[in-house]
Each structure stands twice: as C-alpha cells, then as structure tokens.
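Colleague: Take a look at the letters that make up each chain.
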Amino acid sequence: MQPEINVGRLIQHDRREYAALVEAYTDKLYRMALRMTGNEQDAEDVLQETFIKVFRNIEGFKGNSSLSTWIYRIAMNEAFMLLRKHKPEGYSLDDDHEDDDLTPREVASWDPLPEESLMSMEMNHHLSDAILRLPETLRGVFLLRDTEHLSVKETADALGITEGTVKIRLLRARLKLREYLNRYFREPGKENIS
Amino acid sequence: MSHEHECSHYLPELSDYLDGELSPELCAELERHMAECEKCRIVVDTTRKTIELYQSSSDSQKTPSDVKERLYKRLDLEGFLIQPDKPEANDR
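Chains as they are written, first to last, in my numbering: chain Z, 1 to 194; chain B, 1 to 92.
In case anyone wonders, no lab produced these hints; they're calculated from the structure. Quantities reported herein were computed from a predicted structural model and do not represent experimental measurements. Be aware that a few hints might be false.
One-sided and incomplete, this derived list gives chain B residues near chain Z with beta-carbon spacing under 7 angstroms [what the hints assert, rightly or not]:
id : residue
1  : THR47
2  : ARG74
3  : LEU77
Within a straight-line C-alpha distance of at most 30 angstroms, the following computed DSS-like cross-link-like pairs (lysine-lysine) qualify [to be verified]:
id : chain 1 : residue 1 : chain 2 : residue 2
4  : Z       : LYS87     : B       : LYS62
5  : Z       : LYS28     : B       : LYS49
6  : Z       : LYS28     : B       : LYS73
7  : Z       : LYS85     : B       : LYS62
8  : Z       : LYS85     : B       : LYS49
Ideal placement from N, C-alpha and C gives every residue a C-beta, glycine not left out.
Work the whole structure out from these sequences, hints included.
Modeller: Here you go:
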C-alpha cells in the first residue's frame with residue numbers, strides 16, 4: 001500500500017516527508033528508467049536527477065495533475081534527455097512510423113506463461129531486448145500504461161501528448177512487442193497461422 | 001466484408017478490448033468474430049500474455065541496494081534509508 005505523501009510538508013522541506021516520497025517511488029522510477037534506457041548507469045542517473053528536480057521544484061507543483069503523474073513526467077523527461085544525448089548530433093528520438101502495417105504476421109499460440117517466481121533470467125533478457133527495439137515514443141507509453149499502471153489520461157499528462165495519441169501508441173507498442181516475443185514463447189512445433 | 005478485411009477492421013479495437021473499455025455492442029461483435037476466427041483469438045491471447053509478462057516481471061523488480069544507498073547519499077537522506085535487515089529507519 002502506497003503511503004499518502006503530504007505535498008504541504010514537502011514544500012516546507014520536511015526531510016521525513018522527502019524520505020517517505022523517495023521510499024515510495026524509488027523502485028517504480030528505477031525499473032521504469034532501466035526499461036526505458038536499457039542501461040543501469042543511465043537508470044541510476046534518471047533516478048537521482050528526478051528526485052533532485054522534484055525537491056527543487058516542488059513549490060511549483062500546482063496540483064493540475066496528481067503528484068505521481070508529475071513525478072513520472074520529470075522522470076520521463078530525464079530519460080528522454082539521456083537517450084537524446086546518446087544519439088549522434090542532429091538525430092531526434094526514434095519516432096514511430098505510423099504508416100507501418102500493423103497486421104500481425106507471426107500468429108501462433110504460446111506456451112502457458114510461467115509463474116512470476118519461475119521467470120528465468122533468460123526470459124527477462126528477452127523482455128528487455130524486445131522493449132528496447134520499440135521506438136522511444138512507443139516505449140514510454142507502454143511502460144507508463146502497462147507496467148506502471150497509469151491511466152490513459154495520466155499517461156497523456158506525463159508525456160505531454162493527447163489521450164488519442166496514447167491509445168494509438170499503446171496499441172502499436174503492444175502489437176509490436178507481441179510480434180517480437182512470438183519467436184520465444186510460441187509453442188514448439190506450432191506453425192504460423194496464415 | 002471479406003474475412004481478412006473483417007480481422008483488420010477489429011485490430012484498432014484490440015487495446016480497448018483488452019483494457020475492458022470497449023462498448024458492450026462492439027465487444028459482443030468482436031467476440032462473435034473471434035469465435036469463428038482462430039487467428040484473431042491467438043492475436044488477442046498472445047497480446048494479453050505480452051502485457052502480463054511485462055507486468056509480472058516489473059512488479060517484482062527491486063532497486064539494487066547499492067543504487068539505493070548512493071541515491072540516499074546524493075539526496076542527503078542517509079539517515080532515513082531502510083536497510084532490508086533493519087525494518088525501522090533510524091530517524092522515522
């Protein structure tokens with residue numbers, strides 16, 4: 001159960017409230033940053049810089065969105081900034097090519113999924129690998145919506161895009177990931193259905 | 001409508017269907033289509049499994065303790081760090 005964070009106390013620089021916020025959000029932000037950047041050092045940088053900016057700018061938090069959405073927005077901006085930094089000069093972030101045909105090509109049934117505790121390192125590697133193949137714009141939407149459980153509106157607020165764009169990108173992200181993972185999880189001997 | 005055309009007609013509704021946000025009428029229509037279309041049944045099932053895989057692998061993911069220690073140090077909050085073997089923080 002997530003503790004209630006008191007924004008008023010954060011504005012008064014109450015260190016106990018700071019610590020409660022850090023405790024509540026560290027795991028969420030670190031795993032999101034790790035999936036987003038694919039790099040442990042970058043994820044750590046995102047984590048640290050996010051909290052520094054949250055504390056520095058808390059007085060400017062107007063409550064137009066929830067505190068949680070505001071924190072995710074700062075973290076996503078940090079992650080996008082790092083990803084941009086690693087690209088050759090002049091390159092922008094990978095955008096989704098919306099004219100790509102999304103018609104599923106790989107269609108075969110999958111083995112039953114293992115229990116969470118039985119998920120192997122190899123399986124986790126496949127999941128990380130697949131998500132890093134997504135264009136960054138789709139990756140951000142998928143992570144906020146499907147692993148951090150933000151609503152469509154919260155995801156839109158955190159990324160500064162419309163709810164319609166969230167829905168389109170989410171569908172594209174899910175279908176692309178399904179396609180990437182098909183080769184690892186399809187039942188042995190099962191052929192594609194055409 | 002041809003069968004393939006029918007499948008691509010339902011593709012944009014897939015996310016809303018999985019999120020339980022599709023209108024009851026469209027939901028019933030899609031389920032009628034899936035009852036006769038193995039391909040769409042598999043696409044829906046494997047997309048649902050894709051989401052579940054990421055959710056279950058994320059929910060259990062913890063931040064490594066050294067990363068946490070450096071974070072609390074950087075934020076000058078070391079006294080509040082809850083160690084796995086120390087259930088109570090020093091100053092809380």
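Colleague: Hint by hint, say whether it matches the structure.
Modeller: Hints versus structure:
1. THR47: Cβ of THR47/B sits 5 angstroms from chain Z, so the hint holds.
2. ARG74: 5 angstroms, holds
3. LEU77: Since the shortest Cβ distance to chain Z is 5 angstroms, the answer is holds.
4. LYS87/Z x LYS62/B: Between LYS87/Z and LYS62/B the Cα gap is close to 29 angstroms, so the pair holds against 30 angstroms.
5. LYS28/Z x LYS49/B: 22 angstroms, holds
6. LYS28/Z x LYS73/B: Holds, at roughly 19 angstroms.
7. LYS85/Z x LYS62/B: 27 angstroms, holds
8. LYS85/Z x LYS49/B: 34 angstroms, violated
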